[in-house]
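Chemist: Please work from the sequences and hints to get the whole structure.
Chains as they are written, first to last, in the numbering used here: chain A, 1 to 130; chain B, 1 to 71.
These aren't lab readings, by the way, just hints derived from the structure by calculation.
Nothing here was measured: the structure is a model prediction, and the numbers come from that model.
It is possible that some hints are incorrect.
[Claimed, not checked] Listed below are the simulated DSBU-like cross-link pairs for lysine-lysine, each with C-alpha atoms no more than 35 Å apart in a straight line:
no.	chain 1	residue 1	chain 2	residue 2
1	A	LYS67	B	LYS7
2	B	LYS62	A	LYS70
3	B	LYS28	A	LYS7
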Amino acid sequence: MNQVGIKILDRASGAFVFATLHQELNAAALLEAEAQWKPLREEAQARLNRLPTSDEVEHLHWDWIVKSRKLSLLAYRCMGVEYQGEWQGMMLLLLAGQQSHLTPDVGRPLVYFEMSAARAEAFLSRGVIK
Amino acid sequence: MMSGDRKTMTLNLTDREMRVVEELAAQKDLTKTAVIRQAIRLYQLIDARLAEGEKLFFESRKRRKSELTVL
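Modeler: Laid out in structure tokens, this is it:
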């Protein structure tokens, strides 16, 4: 099964809501997320730029269109959380080429967590960007 | 693309090749199918990056680098 129901916290209401975890996204989903997130990201970046000093939020400059090209390879998988048609967060995983160096799992394959991102709104509401 | 769309194929391997698959499966605590799947993912990843002109290197514990050529 590539989709499972999960609960996520709606920060606006403080209540848990039912969302969908998509376990194997295609490039089209990343493009859709990019279309939804780009204006939010640009707004967040503009707010950051107005601050006298601010920590860089790494994923603000990520472009998921570029990331989507990796999904043509079997070694990559993208998962995402969607709520009411809006993408809330995504993560890109590398499924090959990494292995554990720690006992008791030495030599066993690892899923490498390559990157993740959430809607810039999440940062706005979290207080990282005011 | 989706993991639900699975096809079955018969794989003809020599005894030695099968032994390697079995050893890898035991070492990595995977099924033989999972070993083959991992191999395909890795092969495609490496092949795609080599095709773009990148090089593949291994580095020893003594920092000695050697380029791996994949045919």
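Chemist: All hints are to be evaluated individually against the structure, with a verdict given for each.
Modeler: To see whether the hints hold, each was checked on the structure:
no.: 1; hint: A:LYS67 <-> B:LYS7; in the structure: holds, 28 Å
no.: 2; hint: B:LYS62 <-> A:LYS70; in the structure: holds, 32 Å
no.: 3; hint: B:LYS28 <-> A:LYS7; in the structure: holds, 34 Å
In terms of the numbered hints stated before, the structure departs from none.
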